[in-house]
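Numbering (this note's numbering), first residue to last: 68 to 243.
Misleading hints may appear alongside valid ones.
The calculated DSSO-like cross-link candidates involving lysine-lysine, where the alpha carbons are at most 30 angstroms apart (straight line), are [to be verified]:
| no. | residue 1 | residue 2 |
| --- | --- | --- |
| 1 | K113 | K129 |
| 2 | K129 | K139 |
| 3 | K139 | K113 |
| 4 | K139 | K231 |
| 5 | K113 | K231 |
No lab work stands behind these hints: they were computed from the structure.
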Amino acid sequence: MHATVGEFAWIDLAGDERYELATRQDLSGRAYFDYLAVYWRSPAGKVTRDWIEGVDLPSLDKIVRDLDGDGKDELIVPSALDRHDPRGYPGYPPRVWPKVYRLRNGHYVDASAEYAAFYDNEVLPTLEQAIEQARRDVSGKPGEGPAHEAAQRQLLVLEQARDKIAGLLGRPTPTH
């Protein structure tokens, strides 16, 4: 498989003074860096890789963070809300949310439900502000037309992201 590396860094992700190679990669040939690959060598010398699919990954310094202060880095990967095209259809905004991965038994696994504080403190407040702005945009663009429809689509996608996170955390979905 041909991959273009958009960025790479040697990082002590596990906090064990052994460095892993983290890379953002494009497999499409269109500069869509939608894959995060983490490579490491076991004590026996075997090279292992975890492969995480995301959507339009930001720089590694925004992906790699120790969210819970345990000395081990988590990976925050913008991910598709559903199976539809996460980049959005023409006229639709991207359909993504930040998924949290953590190292468990030697591999990165989705552990988003374990990081309620991250969502409560960093993600949901920003989403709620964006939802309120989108509601103002919808009401400020009455009637039919491209601007009104674009504002409605933006509002819908933001509410879907918020509802996805609420469901993940076992909370009731806010009423719209």
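Exercise for the section: Quick one: which hint numbers does this structure break? Sort them smallest to largest. Expected result: 5
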